[in-house]
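Chemist: Next come the chains, spelled out residue by residue.
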Amino acid sequence: MLSAITLLLLFQLVGEVVTRFFALPVPGPVIGMALLFAALAWRGGPSEGLRKTANDLLQHLSLLFVPAGVGVMLHVHRIAEEWLPIVSALVTSTFLTIAVTALVLRGLHVHEEQQK
Amino acid sequence: MTTRIGEIWVYLSASPLLGLTLTLLTYQGAVWVSRRLRNHPLANPVLIAVAVLVTLLTMTGTPYQTYFEGAQFVHFLLGPATVALAIPLYAQFGRLKRMVGPLLVALLIGSLTAAGSAVIVGRVLGASDATLYSLAPKSVTTPIAMGIAEHIGGLPSLTAVLVILTGILGAVGAQGLYALLKIDDPAVRGFALGVASHGIGTARAFQLSEQTGAFAALAMGLNGLLTSAMLPLVMPLLMYRMG
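Protein chains in written order, with my numbering: chain A, 1 to 116; chain B, 1001 to 1243.
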């Protein structure tokens, strides 16, 4: 487990360095994810320890958003003042995005499968 | 007696221990409640935990900064967890390769819909410019969205909150929407949820199945990359005012 966590941090670290060095608009962890994916593809998959640690960490992915979510208390004033546009924008955009993405993907995917 | 309690409170409120312990306890309580309600989408663990913590902090008059001193240790794990998403992603490599064309088209359209519809609806209903710039990246995972907001002129800490709310909305509503639209392919379900609702959508997707989760993770990563490249170009068009 210790070596798996070290590996994840190492890839994040390399990601942070890469994104800063090349002044990329993407955060380090996302570059780290892409690099780890490439490494897995090259090596033919993760070790059992890495697979298990990643699984444990991702099982509690929701927890990691709680501290930022509590930050809502800093913006109570603005949200109270602009609640109608904010709530409408969030609700419309979230459900429209899910529906549009899913319908486009299903349409294209079904079309491709039928051509085969 | 009262002074003793006062002294203990002074110690606890200055130490990161309380914020951290409280976050873990509240979250586990929220997960317990969510399981008791058979993972009903409305009983979202993030929603419950945030509501309880905000109530506690407000009642005790504790500033967010003090709470965050402790909670930052949990917040920090977002980085390694993002890196770890490479593992479920790799497990779906085979299916991913077969779908790459449709995935990229759906991503582009979904990503534009997310930012475009939020800004347009917000503008029509009279949101301030700072709010609009903070709304635009709200479908992207927290660290990326905060970076984008800073870059285009929004308020990063407001964006973080809007990102979490978007995530909760998607996680709560997606299943109902999929039932309505008769969408049952786990890859399609996961991908759309990941594009619209990033990590919280992904966490929900992993509850549904491993494959749903992997495609949500993929969508979250790709949408982060695409939005950070695209939004600085699209935003001037969305904010354009005649005259």
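Derived from the structure by calculation, the hints contain no laboratory data. Any given hint could turn out to be false.
[Stated by the list, open to error] Subject to a maximum C-alpha distance of 25 Å in a straight line, what follows is the list of computed SDA-like cross-link-like pairs (lysine to any residue):
(1) Lys1097/B - Thr1003/B
(2) Lys1097/B - Arg78/A
(3) Lys1097/B - Leu35/A
(4) Lys52/A - Leu1078/B
Chemist: Does each hint fit the structure? Answer for all of them.
Modeler: Hint-by-hint comparison with the structure:
1. Lys1097/B - Thr1003/B: violated, 66 Å
2. Lys1097/B - Arg78/A: violated, 44 Å
3. Lys1097/B - Leu35/A: holds, 17 Å
4. Lys52/A - Leu1078/B: Given pair lysine 52/A, leucine 1078/B holds - Cα atoms ~17 Å apart, limit 25 Å.
In summary, the numbered hints that this structure violates are 1, 2.
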